[in-house]
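Chemist: Using the sequences provided together with the hints, build the complete structure.
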Amino acid sequence: MPEPESQNGHEPAPEPEPEPQPQPETKPEPTEQTQPHLEPKSESVPELEPNPQPESEPVPTEQTQAPLEPKSGSEADPVVNDADLRETTIHSNEANANPSPTPKLRKDEGSRTFTMRELLNGLKTGSEPEKEDANSPYSPEQQQHQADQNNAAMDLINSVVGVDDEGRSRQRILTFAARRYATAIERNPEDYDALYNWALVLQESADNVIPDSTSPSKDALLEEACKKYDEATRLCPTLHDAFYNWAIAISDRAKMRGRTKEAEELWKQATSNYEKAVQLNWNSPQALNNWGLALQELSTIVPAREKQKIVRTAISKFRAAIQLQFDFHRAIYNLGTVLYGLAEDTLRTGGSVSAQEVSPNELYSQSAIYIAAAHALKPNYSVYSSALRLVRSMLPLPHLKVGYLTAPPVGASIAPHNDWKGSDFFLDHEKLQQIPRGEHKQVPPQNLSGRSVDAVSGDKKTIKVDIADITSVSACADLTLPPGAGLCIDTSYGSVYLVADSWESLDGWLDAIRLVYTIYVRGKSDVLAGIITG
Numbered sequence: 001m002p003e004p005e006s007q008n009g010h011e012p013a014p015e016p017e018p019e020p021q022p023q024p025e026t027k028p029e030p031t032e033q034t035q036p037h038l039e040p041k042s043e044s045v046p047e048l049e050p051n052p053q054p055e056s057e058p059v060p061t062e063q064t065q066a067p068l069e070p071k072s073g074s075e076a077d078p079v080v081n082d083a084d085l086r087e088t089t090i091h092s093n094e095a096n097a098n099p100s101p102t103p104k105l106r107k108d109e110g111s112r113t114f115t116m117r118e119l120l121n122g123l124k125t126g127s128e129p130e131k132e133d134a135n136s137p138y139s140p141e142q143q144q145h146q147a148d149q150n151n152a153a154m155d156l157i158n159s160v161v162g163v164d165d166e167g168r169s170r171q172r173i174l175t176f177a178a179r180r181y182a183t184a185i186e187r188n189p190e191d192y193d194a195l196y197n198w199a200l201v202l203q204e205s206a207d208n209v210i211p212d213s214t215s216p217s218k219d220a221l222l223e224e225a226c227k228k229y230d231e232a233t234r235l236c237p238t239l240h241d242a243f244y245n246w247a248i249a250i251s252d253r254a255k256m257r258g259r260t261k262e263a264e265e266l267w268k269q270a271t272s273n274y275e276k277a278v279q280l281n282w283n284s285p286q287a288l289n290n291w292g293l294a295l296q297e298l299s300t301i302v303p304a305r306e307k308q309k310i311v312r313t314a315i316s317k318f319r320a321a322i323q324l325q326f327d328f329h330r331a332i333y334n335l336g337t338v339l340y341g342l343a344e345d346t347l348r349t350g351g352s353v354s355a356q357e358v359s360p361n362e363l364y365s366q367s368a369i370y371i372a373a374a375h376a377l378k379p380n381y382s383v384y385s386s387a388l389r390l391v392r393s394m395l396p397l398p399h400l401k402v403g404y405l406t407a408p409p410v411g412a413s414i415a416p417h418n419d420w421k422g423s424d425f426f427l428d429h430e431k432l433q434q435i436p437r438g439e440h441k442q443v444p445p446q447n448l449s450g451r452s453v454d455a456v457s458g459d460k461k462t463i464k465v466d467i468a469d470i471t472s473v474s475a476c477a478d479l480t481l482p483p484g485a486g487l488c489i490d491t492s493y494g495s496v497y498l499v500a501d502s503w504e505s506l507d508g509w510l511d512a513i514r515l516v517y518t519i520y521v522r523g524k525s526d527v528l529a530g531i532i533t534g
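Just so we're aligned, residue 1 is where the sequence shown starts under UniProt numbering, counting upward by one.
Among the hints, a few may not be true.
Heads up, simulated DSBU-like pairs for lysine-lysine below, C-alpha to C-alpha not over 35 Å straight-line [claimed, not checked]:
id : residue 1 : residue 2
1  : Lys-255   : Lys-309
2  : Lys-309   : Lys-268
3  : Lys-307   : Lys-255
4  : Lys-461   : Lys-524
5  : Lys-307   : Lys-227
6  : Lys-309   : Lys-227
7  : Lys-524   : Lys-421
8  : Lys-261   : Lys-309
9  : Lys-227   : Lys-268
10 : Lys-421   : Lys-461
11 : Lys-261   : Lys-307
12 : Lys-227   : Lys-261
13 : Lys-268   : Lys-255
14 : Lys-227   : Lys-255
15 : Lys-307   : Lys-268
These aren't lab readings, by the way, just hints derived from the structure by calculation.
Modeler: In structure tokens:
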């Protein structure tokens, strides 16, 4: 699930990421006649899909608070679902408030975070929030009106039993917290933090509903949570956490409706809220990743003429998430699945590919690169392993990537445009290297030289960059470069400039080089080497 950042200016500390549950693979191995079918995962609970599903990230919580642990938050390869990725700490405007054995709500304390210790102590002593406050600026009629509105939500929460002993114990704590926030809102209907926190309680309670329950229904709880998020964001339009978790709740409701018109409208609402969350907090790779997932789901419902545009927008969101966090394996894997789906759609429709468009074969190869990188970063994730078995043959083995780049003469990073020549390059776990003209693309692996200098293949000099020497990789637009999309690779021995045919092709090179470097830095190069060399 998505993970909102902490509000009121506090920097969150990410919780450990839940790992996806292994899913049974039922798809055929690739054959010469057909391409293997790899369906992207939706944000829904993986049990509904036998295929690998897109990954999303848990919500960070404040360091100073004891969060209410997600119901499915075990660390031993749990099922990944939206509830795992939702912010579960109940936030406060008073981040440094001291817990007391029997906490009491003051008029201005409605949004204060209640730690697990406080809630448990309150349950043990049977303490309840005070119902009256003579200092409230709101009239008794206003407070009564708010109380009447709260009753429906409290009835829903009170009727949640829980699926097991752990769920029942957790629900008692959530119900206790809900009463406190209900009382706070009765005293101050404009307490947006209390509204936001109560929405979180409703959303968490929805995860405790017994499957197939009709009273209460999970959808009713999520709908009530959406109302609270709506009211909270109306009172505080900059509350990016609320927009983020609101989008998750809407997404959960959309999944219950399959591929219907109602689901389409809900997915559009979810993408709109993710967009607002990113606008308010642009530095959140989790929000970008889940925005991409929502777009991916929407693309399966809209008319065919709208699908490709939405899919390409989803690709841009996954790519933006990776650019913010190079080792964000969930977004890396999701980008692989959406590229695979785009390749299959292109083949199925039989559309012609223009010079500016990427061919289906290239899309399959790109998909395999991202899935291989995700597996290298998290080799114990069975979902990634299963997907890799389907797509590994689409890699240009024994390399990770092979493609066309325009390069200057060897030893001259700056040269007249006429001296730059196009040639093939390959990228593996150790290096990016030019393939000498006249030689086959399947260049045998070479030993590291330890320096980013020109390598010699036989008596032919080639451009070679060792991954270990790279300090940064970026796009560049420089008049000294020939026309095209410029690529600058800064190394500890100087800069190397290359030019791709298009900006889309450049994106593929940038991602691939950054991913290989990230894998190297994380000490996983041996895993990547095993993938591409067999």
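Chemist: None of the hints should be skipped; say for each whether it holds.
Modeler: How the hints compare with the structure:
{"no.": "1", "hint": "Lys-255 / Lys-309", "in the structure": "holds (22 Å)"}
{"no.": "2", "hint": "Lys-309 / Lys-268", "in the structure": "holds (14 Å)"}
{"no.": "3", "hint": "Lys-307 / Lys-255", "in the structure": "holds (18 Å)"}
{"no.": "4", "hint": "Lys-461 / Lys-524", "in the structure": "holds (30 Å)"}
{"no.": "5", "hint": "Lys-307 / Lys-227", "in the structure": "holds (30 Å)"}
{"no.": "6", "hint": "Lys-309 / Lys-227", "in the structure": "holds (31 Å)"}
{"no.": "7", "hint": "Lys-524 / Lys-421", "in the structure": "holds (34 Å)"}
{"no.": "8", "hint": "Lys-261 / Lys-309", "in the structure": "holds (19 Å)"}
{"no.": "9", "hint": "Lys-227 / Lys-268", "in the structure": "holds (17 Å)"}
{"no.": "10", "hint": "Lys-421 / Lys-461", "in the structure": "holds (14 Å)"}
{"no.": "11", "hint": "Lys-261 / Lys-307", "in the structure": "holds (15 Å)"}
{"no.": "12", "hint": "Lys-227 / Lys-261", "in the structure": "holds (21 Å)"}
{"no.": "13", "hint": "Lys-268 / Lys-255", "in the structure": "holds (13 Å)"}
{"no.": "14", "hint": "Lys-227 / Lys-255", "in the structure": "holds (18 Å)"}
{"no.": "15", "hint": "Lys-307 / Lys-268", "in the structure": "holds (13 Å)"}
Taken one by one, the earlier hints all hold for this structure without exception.
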